[in-house]
Amino acid sequence: MRIGIDVGGTNTDAALMDGITVKGACKTPTTADVSSGIIAVLKDVLRMTGVAASEIQAVMIGTTHFTNAVVERKRLLEVAAIRLGLPATRALPPMTDWPSDLATTLGRHTFMVHGGHEFDGREIAPLDEKEILRIAGEIKARGIRTASVTSVFSPVTPVMEQRAAEILLNEVPGIAISLSHEIGRVGFLERENAAIMNACLADLSAKVVSSFRNALKELAIEAPFYISQNDGTLMTPDYVERYPVLTFASGPTNSMRGAAMLAGRKEAMVVDIGGTTSDVGMLMQGFPRESAVAVDIGGVRTNFRMPDVLAVGLGGGSLVRDDGARIGPDSVGYEITSKALVFGGDTLTTTDIIVAAGLEDIGDRSRVAHIPAKTIATALDTIHRMVDEAVDRMKTSAEPLPVILVGGGSILVSRQLPSASEVIRPENASVANAIGAAIAQVGGEVDRIFSLEGTSRDVVLDGAKAEAAERATKAGADPDTVKIVDIEEVPLAYLPGSATRIRVKAVGDLVMA
Amino acid sequence: MKLTSEDLHDLAIGAAFLGTGGGGNPYVGRLMVQRCLDEGLSVDVIDPSELANDALVIPTAMMGAPTVLVEKLPSGEEAIGSLRALERYLGRKADATMPIEIGGINSTIPLVVGARLGLPIVDADGMGRAFPELQMETFGVYGVSGSPMVVTDEYGDSTLLNGADNKQMEWLSRMVAIRMGGCAYIAEYSMSGADVKRTAVPNTMTLAMRIGRCLREAKANHESPFDALLRLLPQTLYNHGRIIFTGKIVDVARETRNGFSIGRARIDGLGPWRGTMEIEIQNENLIARVDGKVRAIVPDLICIMDSESAEPITTENLRYGQRVTVVAVAVPEIMRTPEALDVFGPRCFGLDEPFTPIETMT
Chain A
1124 MRIGIDVGGT
1134 NTDAALMDGI
1144 TVKGACKTPT
1154 TADVSSGIIA
1164 VLKDVLRMTG
1174 VAASEIQAVM
1184 IGTTHFTNAV
1194 VERKRLLEVA
1204 AIRLGLPATR
1214 ALPPMTDWPS
1224 DLATTLGRHT
1234 FMVHGGHEFD
1244 GREIAPLDEK
1254 EILRIAGEIK
1264 ARGIRTASVT
1274 SVFSPVTPVM
1284 EQRAAEILLN
1294 EVPGIAISLS
1304 HEIGRVGFLE
1314 RENAAIMNAC
1324 LADLSAKVVS
1334 SFRNALKELA
1344 IEAPFYISQN
1354 DGTLMTPDYV
1364 ERYPVLTFAS
1374 GPTNSMRGAA
1384 MLAGRKEAMV
1394 VDIGGTTSDV
1404 GMLMQGFPRE
1414 SAVAVDIGGV
1424 RTNFRMPDVL
1434 AVGLGGGSLV
1444 RDDGARIGPD
1454 SVGYEITSKA
1464 LVFGGDTLTT
1474 TDIIVAAGLE
1484 DIGDRSRVAH
1494 IPAKTIATAL
1504 DTIHRMVDEA
1514 VDRMKTSAEP
1524 LPVILVGGGS
1534 ILVSRQLPSA
1544 SEVIRPENAS
1554 VANAIGAAIA
1564 QVGGEVDRIF
1574 SLEGTSRDVV
1584 LDGAKAEAAE
1594 RATKAGADPD
1604 TVKIVDIEEV
1614 PLAYLPGSAT
1624 RIRVKAVGDL
1634 VMA
Chain B
739 MKLTSEDLHD
749 LAIGAAFLGT
759 GGGGNPYVGR
769 LMVQRCLDEG
779 LSVDVIDPSE
789 LANDALVIPT
799 AMMGAPTVLV
809 EKLPSGEEAI
819 GSLRALERYL
829 GRKADATMPI
839 EIGGINSTIP
849 LVVGARLGLP
859 IVDADGMGRA
869 FPELQMETFG
879 VYGVSGSPMV
889 VTDEYGDSTL
899 LNGADNKQME
909 WLSRMVAIRM
919 GGCAYIAEYS
929 MSGADVKRTA
939 VPNTMTLAMR
949 IGRCLREAKA
959 NHESPFDALL
969 RLLPQTLYNH
979 GRIIFTGKIV
989 DVARETRNGF
999 SIGRARIDGL
1009 GPWRGTMEIE
1019 IQNENLIARV
1029 DGKVRAIVPD
1039 LICIMDSESA
1049 EPITTENLRY
1059 GQRVTVVAVA
1069 VPEIMRTPEA
1079 LDVFGPRCFG
1089 LDEPFTPIET
1099 MT
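Just so you know, the sequences run in chain order A and B. Count along the first sequence from 1, then add 1123; that gives the number in the working numbering. Count along the second sequence from 1, then add 738; that gives the number in the working numbering.
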């Protein structure tokens, strides 16, 4: 027995699963402290199913908390974005291609320092330690509490990033540091972007992970807990605390895998409407279509392996303006239960429109009776147009395609969509994310330097693949389901014996007890 | 024409397509040009016919491994330094700059140089695609000397080189580029306006923009971008294109050797496409074989594109598991003459197979 939990910007959902059977599912509003919302939903789902806390074997948590923070530009720390690479790289300073408002939120504290390596491990320039010391002084003076360090060719040799971190930690005790080589792969700007975004989440990640921990402790659930990452596999809480950026696309991955399971469809468009955004992605053979090229998160380019998802600022908590003609992208988020009109608040949200239209009965209907019919009609048109356009944009051909609606905000869609062959609303659709988290896979990874001397690349690769598969199995994957999902090689020309850094990732389904 | 931000996006996509996997992802170059536009600088692209016959044109470019470029970004001064150094050596100011290679990032480097120095950029190039070596230029095929040439790095180190011939220039400058970290910036093939008109592949800059626009508009209209592309090509000098394979990438092997990205990609067929396609890579895609049978061969274009989004995928972005469609395109006649094939035909890449035009393959 296990529980999948999804902590979204608006709702916290839980699904208790026995194998692939949903025993029960619940939904409560996300709370500002995160943990009391988790406690509430866990209590609900345990009570509802009559399952004892001791029977729970594992808890899987998916969260869009970190992605939402970046998309909404909220709860982010100012970051000292330090780059080691001068005199190279000067043409494009850190955050060059960033949305201006996000760069401003992060304070635009960019520093370019002499350092970095060539592809063969030679230094571009020695690390300018004096400059790092000066930056440490600036960091203190400006009151910055987190830094990213990105050095040219750090995936080949991370020593300068590590040395810079050492100096910074020494000078600014307690500073959170994100090193790019621990987060991304070769591809300088994308890796640097990921490191900067990871850095700005340092406070939030510590807070969120500890609230997960406290919630489980309070309910005496002693089963191990995991958090799902971008590729749909699980990682340990300690890891998430340090690398929150690796959860960025876990929401869409979970909801799409959950939707595929619930709808029993393998080829479809999934529209996951939450409280703040709608994520639209395509299912192919039951898995999210992956983006072949760089993916933007909150307008920032990254090179993570992620599902190809279009996020639109439309959710159950989105603000309605201009008599219904303009919706979002801002949302009251988890404060919907105090700010929306039907809950006694003073903000007109999409949920209020649905209630006013008589489509759902939520909260106090009398509080939306005054909304003019014209506003309701216009807002409903706007909502359906936004969803239809998003589906249309993600379609790769004019062929009609079924649309699976999931997520708590799926109540917003009440009509057929011109872009869809049919609209499917599976049972338990509002907790597809939590179900996706619960059926998340486990991974095994090999990442180290191999020598190709006296052997062949194929032999070495086969060995690495077998080892990764074995690790996935050891981590709890069903050996029959394990497959290799990622292979990456970085030749290290500067080392003798044809050394190559090989990274192989295998994933499989968690064995059903 | 004055280049706009939208043109620039289209150019980057079209240049990635014409790069046939090589030439480096134009993203970095696009950002550099965008910075120029943001600063209010003008990027002025002119037709070769607008050049006076006695005008001096100095092409500018990046040379080296694309896998290095995506990691070690330029300082931005390198190519300008090379052009200025060549002007000093020639004792004459350039009237325009030009790409030597339309494929990949080299479509953008001259735009940065032109914008920063206030020089027009000629709508033409010497490769009509991307090639791995500097002698592989129609300029050289039809008699223009690549030397004198200047190579500059981010430190401001620069070398002036006079090769006995263009191949020797390539050989010597390549070692310099490796010493400079695998990636350097050059000015070479300085020539007259008359020579541009005689030896360059014309209008490839605008061709790249047309390809980019065609793919963008097809996607916006939910047409197949592949159909749209195959309809566009007959209206250009690149008058024949076809899909030669669709499948899933099952293996990518590559290494940086002697300053090149060398490797091969294997694609297992999907749907109606049977067998396994193997593509050999030397920075660019050189030859595509299905179970040993040649399907397309250099200098014709072999482009690996994402099957869903129709984005051209460059060599360094090829990954296990990608669903891809391989498109082959005929290059213009100026690139298929016996003289041209002597310089960049299959034999120049160590391939035994003779050149066979894509439109005659069965």
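Hints listed in this document are in silico derivations from the structure and should not be mistaken for laboratory results. What you are looking at is a predicted structure, and each value in this text was computed from that prediction instead of being measured. Backbone N, C-alpha and C define an ideal beta-carbon position, used for all residues, glycine too. Each hint should be verified, as a subset may be incorrect.
Claimed, not checked - One-sided excerpt, in silico: chain B residues whose CB lies under 7 angstroms from chain A: (1) 806; (2) 808; (3) 809; (4) 810; (5) 811; (6) 814; (7) 920; (8) 993; (9) 1058.
Results of checking the hints against the structure:
| no. | hint | result |
| --- | --- | --- |
| 1 | 806 | 5 angstroms, holds |
| 2 | 808 | 5 angstroms, holds |
| 3 | 809 | 5 angstroms, holds |
| 4 | 810 | 5 angstroms, holds |
| 5 | 811 | 4 angstroms, holds |
| 6 | 814 | 3 angstroms, holds |
| 7 | 920 | 5 angstroms, holds |
| 8 | 993 | 4 angstroms, holds |
| 9 | 1058 | 5 angstroms, holds |
In terms of the numbered hints stated before, the structure departs from none.
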